[in-house]
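Visitor: Could you build the full structure based on these sequences and the hints that come with them?
Here is what each chain is made of, one letter per residue.
There are 2 protein chains.
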Amino acid sequence: MTKRTETDLIITGGIVLTMDEPEVIEPGAVVVNDGDIVFVGTAPDAAELFIAPTVIDTVDCVVIPGLVNGHTHAAMSLLRGIADDLPLEEWLQDYIFPAEARNLDEDLVYWGTKLACAEMLLGGITTFCDMYLFEDSAARAARDMGMRGVMGEVLYDFDSPNYGTIEKGFEYTETFIQTWKDDPLITPSVQPHALDTCSPELLVRAKEIADSHKVPLIVHVAETKSNREYIKEKHSASSFVYLDKLGVLGENFVADHAVWVDDEEMDIMADRGVSIVTNPESNMKLSSGWAPIHSYLQRGITVGLGTDGAASNNNLDMMGEMDTLAKLHKVYDTDPTHLGAKTVMGLATRDGARALGLGEITGSLTVGKKADIAILDFNKPHLTPMYDPFSHIVYAALASDVRDVVVGGVPRVRGRRLVNTDIDQIMANAKQLAGHVRSSLK
Amino acid sequence: MTKRTETDLIITGGIVLTMDEPEVIEPGAVVVNDGDIVFVGTAPDAAELFIAPTVIDTVDCVVIPGLVNGHTHAAMSLLRGIADDLPLEEWLQDYIFPAEARNLDEDLVYWGTKLACAEMLLGGITTFCDMYLFEDSAARAARDMGMRGVMGEVLYDFDSPNYGTIEKGFEYTETFIQTWKDDPLITPSVQPHALDTCSPELLVRAKEIADSHKVPLIVHVAETKSNREYIKEKHSASSFVYLDKLGVLGENFVADHAVWVDDEEMDIMADRGVSIVTNPESNMKLSSGWAPIHSYLQRGITVGLGTDGAASNNNLDMMGEMDTLAKLHKVYDTDPTHLGAKTVMGLATRDGARALGLGEITGSLTVGKKADIAILDFNKPHLTPMYDPFSHIVYAALASDVRDVVVGGVPRVRGRRLVNTDIDQIMANAKQLAGHVRSSLK
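So the protein sequences, as listed, match chains A and B.
Residue numbering for the first sequence follows the working numbering, beginning at 1 and increasing consecutively.
Residue numbering for the second sequence follows the working numbering, beginning at 1 and increasing consecutively.
Please note that a few of the clues may not be correct.
Copies of the same chain look alike in the list, so a pair counts if it works inside one copy or between any two.
As the list claims (entries may be wrong) - Below, computed lysine-lysine pairings styled on DSS-like, alpha-carbon distance capped at 30 Å: (1) Lys245 - Lys232; (2) Lys168 - Lys234; (3) Lys181 - Lys232.
In case anyone wonders, no lab produced these hints; they're calculated from the structure.
Guide: Listed below in structure tokens is the structure:
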């Protein structure tokens, strides 16, 4: 017998869905060394070639790339359920904005983001894209929880409770990028809020900063019909025509939502290499509408999937989000062949990573990528029998079916429990902070 | 201290959502004796008044009425994921019908229903309404699993693999009703399949049988646009106008789906006291459409919520179904105030029970009703902090947050595990049967 190569971690025995070629390996194995995937193949081949101090047995399990939550406001986990079933303006003006204005600080964002990371890791999410305030605290929380994050301080024309004036906001963003640009888990980004809250000058300046540092430029675009109409009225152009005239579109541009667009805009998006991240549950709950995902995909536009913040979803559950995405578009397109299970799983992994500029880093089980992996336990009544693993993952499985999660080669969830994390302390702090939020609204 | 009354079971310490008055009791208690709820009130009052050999501590939990799955085909759990993302006719004709024709028998229905009951109980469902073939086997499975069921053999014009000709189908139904009418858990019913598969004579005869035994008459009505158009063409009337002319509508009539209806039909439904059961996830996945639930509720029509079968959902998860129901109608009605959390929870409990004729038996935590209870563990990252228990249940909680379930006073789930149930055997049998199904389609 030839000498086997020593590695850090072997995950072996179950069905491996690579989201690359070959698609399905059964029984399959993924071998990890120094944080990277060094082998993807059959279980017998892995046993012959590799040895490791840690072996995760995945018999009766399905091994997938860690899920990519393409858009959220993580610390809003502390505002989940504070107000629901209200008109958007009342929800924002009477609850969310006052709760934020009176309570947001580094401490709340740090603990709120940690709480969100706990939920996301337990649900198989290894990468998230975050837009919020006090983002340096959010990035520290993500790093401390061992999650991969594309993080950006939200920028807008009015004063921010964090940085003050927008000039200070640009300074904060520059410092934030310098601080995090070499971090193994955190990718800094530039995140202007939206087209109605950011001047043309702000958007152009944001684009310059993003380009100079080669980081993503991420903006809420055309989330609601009224938002689209406001831009049309103010700038005599549809949202993406306006953005194109400003010269801010490009391959690092990520449009969150992009619900209300026309064919001309989709053509522009495809031409410029813009990506979008769709958030169907939040768009439904706030009655915002639904994005034309099938048309985006037909044009070759890269589409990621996100949960949006927990205050408008109300969870950070990408398993549920995949299910809803598929069903929503089947019923609105009146075509059950649209958004099939494999396509949807692609949006939640490979394509989501690509949308965020992490296509070479994560999103598939591919040799050379970081070892970001989720393992689902299929030995459950609702997943038995199993004819098609893609169908089960999108339409039947729950976030709670995730048994183990590895980020950059480090196990972060084992047996449905967070590794080396005091979840009781995180929840206790969350409850205490929520007490202050509740009092502040009385 | 006065002598405390001896009872069977005390559930105490958590938040109790009664779905009756008062709505919320915290800390609350529910006391059970001889299968019935004998007390609903505060935890301190319960401690003063009652004693029991079993006490379930619900600190950090929310106690709700057991969920009512208003429409399913339970044994289709064995066909989950066998085909998805296909046009409806191809899905039915090339996969579901052949799989059923070649495999259905008493054994498959018994084990498939047991598997479905396992999933439903673990997700907090205590009552389900089932339409399938070999329904006597389904009823035995439900009884053996300790679930409450409204069960009916599906009737149609063509021959059935179970009973043969429709005349034999009526005989089967009469016998079925006689067999089960005094069972403490099973309510027999008469279930003609749909308006395009059942002749007017069949529907009228079914109505006579249902009325003579005072049991529900349950029919798929107007599930798809093409179904509606077929009826219009054939009978020169909309679905409910046609049914009304036949004289089959009444307070025991339950219409499953009722997606494609007009105002005149809704007025008739309200006048006749017809109930409906909506199945949003199945309607979305099959691109069938969405039912006008807000309009039904405005007219005072009783609405229940169901999952439909696992082959078109693909799970039997009422927690997820509540979430989707609320969001689908908010976006469809472009009004975020529609289908609020409390309303939706009513559909999944109290109203669903009422729709099935079990309004006096189950669906709320009310003294005198059967003790059908689900306990959700809220000590989880995705349910912390908690501002509003209704919001959390509908928008954030998962089926896997159900910790304990009691049906008719008998604990059926404790600590997320089925009590006195060999789930491994059920799953092993399911896998074996699925092997036959798979082979039969090759």
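Visitor: Please go over all the hints and tell whether each is borne out by the structure.
Guide: How the hints compare with the structure:
1. Lys245 - Lys232: Classified as within; 13 Å inside a copy, 53 Å across copies.
2. Lys168 - Lys234: Within. Shortest intra-copy distance 26 Å satisfies the 30 Å Cα cut-off; inter-copy 71 Å does not.
3. Lys181 - Lys232: neither (36 Å within a copy, 65 Å between copies)
The structure shown violates just one earlier hint, number 3.
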